[in-house]
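Novice: Knowing the structure of chain H, use the given hints to seat chains Y and Z on it.
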Amino acid sequence: MSALITLDRVSFVYPGADRPALEEVSLRVAPAEVLLVTGETGAGTSTLLLVATGFAPRVVGGRLLGARDIAARRCTVVFSRPWTQLSGLCSTVRDEVAFGPASRGLPRETVRAAAARAMDALGVAHLAGRDPARLSGGELQRVVVAAALALEPDAIALDDPAAELDPAAADALYAALPGIAASGTAVLLATPDLDRAAPVASRAVVLERGRVVAEGAPGRVLDGTTVAVIARAAGCPPPLPLDVPALARRVAR
Amino acid sequence: MTLRDLVLIRLGVAVNLVIGQIVAALLLPVYLDSVGTILVAALVGPRAAIAAGLVSQVLNAVISGNFSWLPFGLVQVVIALYATAAARLGAFRSYATAVPAGLGMGLVAASCSAPISYFLFGGVTAGGVTVVTTVVRALGAPLGVAVASASYATDLLDKTIAFVLVTLLLRSLPRTLATRFPALAR
Amino acid sequence: MIGYVAGRSILHRAHPYTTLALAGAVLLGAFAMTRPLQVGLLVLGAAGFAALGGGATLRSSAKPALLLALPIWVLLFVLHGLLGPEPRVFFGPVRLSAAGIATALVLGGRVTAIVLAFLTALATTAPHRLVEAMTAGGQPFGRIFLLSSTLTVLPRMRERAALILEAQQCRGLRLGGSPLARLKALGPLALPLVLGALAEVDEQVLALDARGAGDRREGGEGGGGAARRTALDPPRDSTAQRVVRWALLVLVLAAYAWKFRSMRG
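Chains as they are written, first to last, in the working numbering: chain H, 1 to 253; chain Y, 254 to 439; chain Z, 440 to 704.
No lab work stands behind these hints: they were computed from the structure. There's no promise every hint is true.
Stated by the list, open to error - Pairwise CB distance ranges (calculated): (1) Z/Gly611 - H/Gly235: 44 to 50 angstroms; (2) Y/Ser317 - H/Ala133: 17 to 23 angstroms; (3) Z/Asp672 - Y/Ile316: 42 to 48 angstroms; (4) Y/Gly343 - Z/Gln578: 55 to 61 angstroms; (5) Z/Leu634 - Y/Leu334: 24 to 30 angstroms; (6) Y/Pro353 - Z/Arg595: 23 to 29 angstroms; (7) Y/Tyr348 - Z/Leu614: 22 to 28 angstroms; (8) H/Thr226 - Y/Ser317: 25 to 31 angstroms; (9) Z/Tyr695 - Y/Ser317: 55 to 61 angstroms; (10) Z/Arg595 - Y/Pro395: 43 to 49 angstroms; (11) Y/Gly393 - Z/Leu634: 44 to 50 angstroms; (12) Y/Gly343 - Z/Lys502: 47 to 53 angstroms; (13) Z/Gly611 - Y/Pro395: 29 to 35 angstroms.
Said to hold, decoys possible - One-sided excerpt, in silico: chain Z residues whose CB lies under 10 angstroms from chain H: (14) Thr589; (15) Glu605; (16) Glu642; (17) Ala652.
What the hints assert, rightly or not - Calculated Cβ distances over 10 angstroms to all of chain Y for the following chain Z residues: (18) Ser448; (19) Pro503; (20) Ala543; (21) Phe584; (22) Tyr695.
All C-beta atoms in this analysis are idealised placements derived from N, C-alpha and C, irrespective of residue type, glycine included.
The following block holds chain H by itself, in its conformation from the complex:
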C-alpha cells in the first residue's frame, strides 16, 4: 500500500531555537493505521505530528530540512485543551462540527451530512443542540475531534488529546480511535499515556531528543522502554506496565 505521508531524514528547527526539535527523522504513515508517537516531554512528539501533517513550518514558522512527501489531501490536528480549538462563531455543537466543511464552501446538505456522520462517530449526536461553551471537558473534546473529522481528512493528528480529561472521558476518547482509522482516516497519536494508547495503536514510534530510537509493533517496541525493563527486572509477569504510574501500581500490589 502506498504511504500517505513519507518523511525522509527530516529535521526541523523552530524559529529562534538553538537546536533542532527533530533530527533526521524518517517515517512512513499508511492509510487507516493508528500510529502512536511517544517519548518524554521535549522529545519532539508534538513537533513530529505538526511536521508530518504539514502544519510546520507552514503555520508555526521555522526551518525544515530533508524530504517530505504528503500525499494526504487533507490533514487536521487536535490538541489537549479543547477550549482553545473552538471557532468562537458557533452557538451549537451542530454548527461547531459543521464549521470545517462549511469553510470549504460545500453545499449546505453535504455540510450537514458530514457533520452528522462525524457526530455519530464520536458519540456526540445527542449534544447537537447544546452550546459548546457549556459542555464538560470530556464532551467538548469529543466534539472537537468530531469537528476535525467532519472535514473528512486523510490523516488526523491528535496531540495528547486526553491530557485534560478525567479517566472515564479519556477511555471513551481512545476507544473511538480504531473506528476512525478503520473508516479511512489515518490517526497520528502523540501521548505519554501508554496504558491507554498501546492497546489501540497499530504501530509505535519512540522519540528521544528529536530522534527516532525505536519503531514497530507497540508490544515489541514498548517492551524495550526503561519502564518495561525495570518491570521485567522486578519480576512483573506480562503484559508489562508501560509508564511509571502503571509500574508503581503493579509494584505496590
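Specialist: Below, chains Y and Z without anything else, positioned relative to chain H:
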C-alpha cells in the same frame, strides 16, 4: 490579515477588557483599557491595532449597554496609530523611553477625547472623569476648561501606566515567543 | 439583564441588518439633533422601536436603559442646570440655568435614545443569526471572527484573571497599601495573564487553520482554496426590509444636511 493576526487581535481585545478587572481589584484610579491595543500595535502593526481598538469599543458597549460612547472609537484609532509609531521608534525598549512616550500618548488621547466629550456629551461621560469635571466646574472654571483638565489628568496617568506595563510585558516575553513577532525586531 | 432574549416579535424575525440599521440610525440621528423637542421625538422613536420587540424585550431593554441613563441625567442637571450659565429660572426652591436645562435635556435625551435603541437591537438579534447573515452576505471571515469570537473568549480570560489574583495572593502578594504599592502589584497580576494567553496563540491559529477557517487573504488553506463559506441557516431578507434600510440612510443624511444648513443660516 493572517489567521495569526486575527487571533492576536482577539487576545488584545480580551486584554483591554480584562485588565480593567485587575485594576478594579487593586482600586487603582485608572482604566488601562488600551493595554491590549498598545500590545497589538507593538507585536503586529497599525491595522491590527486599530481593529483591536474598535472591536474593544464595540464590545465594551455590548457588555455595559453604554452604546452612547461609541464615538470615542475615534480615540482608539489614534491610540493604535500613536502606539505603532512609538513601537517603531523603540519606545518600549526601556522604561526611560516608555514614560515620556506614555505621557505623549496621554496628551494626544486627551486632545481627542476632550472635544468629543465636550461637543457631543456636554462633559458628562464615564463616571470618574465626570466627577473630576464637575468638581473643577464647581470651583468656577468654564465648562471647556473643566472637561479638558479632567481628560488630561486621567489620560496622562492612564496612558503612562499602560506604556510602562506594555514595556514590562515585552521585556518578559520568552525569546522563543518573541522571535515569532517580526514587528518586534524592527 | 443585557443581551439576547428569545422571542417571536417582528424584530426577532427581521433580518439582523435591519434591526442594527434602526439602532445605528438612532445613534447617528441623535448627534444631528440639537433641540429638546427633536431629541424628545427621537426618544419616543426609540421607545417605539423597543415596543416592536414585544413585552419581554421592552422589559429587558427599557429597565437597564433607564438605569444606565439615570446617573447621566443627574450629572447633567448638576453640571448644566446648577452650574450652567445665567439667566436662571426657579424650579421650586432651586435656581437653575434656563439654557443649561435645555442642554441637559438634549444631552440626556441623546444618551437615553441611543442606549434604549441598542439594548433593543441586542435583545432581539440572536448572535448566530448575525453571524449567518454576515456569512451569507459574503463578509470577510476576519470581520465575522472578530465580532463573534472575542465575546466567547472573555469568560475564560476573566476566569483566568480571577485565578491569578487568587494564586498571587496565596503567594503573599498584597493588594492593599499605598497607591504606589498597589501599582507595583499590577505587574505580577498582568504578566501571567498576558503571557499565558500569548502562549496559547499558536494552538488557536493551528486549530482554526486545520478546520479551513479564513480565506486566502487571511492565510488559511480554506480547505478548497478561496472558497466562500457556506451559510448554513441564513436569515431571510426581503425587499421591504432593504427599502427600510436605504430609507434610514437617506433620513440620517437628510438630518445632517439640515443640521449644517441651520448652523450656517
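Novice: Now tell me, hint by hint, if it's right for this structure.
Specialist: Now the hints, each set against the structure:
Checking the proposed 44 to 50 angstroms range against Z/Gly611 and H/Gly235 shows it holds: the Cβ atoms sit about 49 angstroms from each other. Between Y/Ser317 and H/Ala133 the C-beta distance comes to about 21 angstroms, which sits within the given range of 17 to 23 angstroms. Separated by about 26 angstroms at the C-beta atoms, Z/Asp672 and Y/Ile316 break the suggested range of 42 to 48 angstroms. At about 37 angstroms, the beta-carbon gap between Y/Gly343 and Z/Gln578 misses the expected band of 55 to 61 angstroms.
For Z/Leu634 paired with Y/Leu334, a C-beta distance near 26 angstroms keeps the hint of 24 to 30 angstroms intact. Taking the beta carbon of each, Y/Pro353 and Z/Arg595 are about 36 angstroms apart, not inside 23 to 29 angstroms as hinted. The hint said 22 to 28 angstroms for the Cβ distance between Y/Tyr348 and Z/Leu614, and at roughly 23 angstroms that hint holds. The hint said 25 to 31 angstroms for the Cβ distance between H/Thr226 and Y/Ser317, and at roughly 57 angstroms that hint is violated.
Between Z/Tyr695 and Y/Ser317 the beta carbons are some 27 angstroms apart, a value that contradicts the proposed interval 55 to 61 angstroms. The hint said 43 to 49 angstroms for the Cβ distance between Z/Arg595 and Y/Pro395, and at roughly 47 angstroms that hint holds. Here the CB-CB span from Y/Gly393 to Z/Leu634 is close to 49 angstroms, well matched to the stated 44 to 50 angstroms. Remark: the range hint 47 to 53 angstroms for Y/Gly343 to Z/Lys502 is upheld by a beta-carbon distance near 51 angstroms.
For the pair Z/Gly611 and Y/Pro395, the beta carbons lie near 49 angstroms from each other, so the given range of 29 to 35 angstroms is not met. Interface restraint check: Z/Thr589 against chain H, minimum CB-CB distance 8 angstroms, threshold 10 angstroms, status holds. A hinted interface residue such as Z/Glu605 counts as satisfied when its beta carbon comes closer than 10 angstroms to some beta carbon of chain H; here the least separation is about 20 angstroms, so the hint is violated. A hinted interface residue such as Z/Glu642 counts as satisfied when its beta carbon comes closer than 10 angstroms to some beta carbon of chain H; here the least separation is about 5 angstroms, so the hint holds.
The criterion of a C-beta within 10 angstroms of any C-beta in chain H is met by Z/Ala652, whose closest approach is roughly 6 angstroms, and the hint holds. Every CB of chain Y is more than 10 angstroms from the CB of Z/Ser448 (nearest about 20 angstroms), matching its label as outside the interface. Its beta-carbon lying about 5 angstroms from the closest one in chain Y, Z/Pro503 breaks the requirement of being farther than 10 angstroms from that chain. For Z/Ala543, the shortest C-beta to C-beta distance to chain Y comes to about 8 angstroms, within the 10 angstroms cut-off, and the non-interface label is violated.
With a least CB separation of 6 angstroms from chain Y, Z/Phe584 falls inside the 10 angstroms interface cut-off, contrary to its annotation. Distance check for Z/Tyr695 against chain Y: the nearest CB is about 14 angstroms away, which clears 10 angstroms, and the non-interface claim stands.
The structure shown violates the earlier hints numbered 3, 4, 6, 8, 9, 13, 15, 19, 20, 21.
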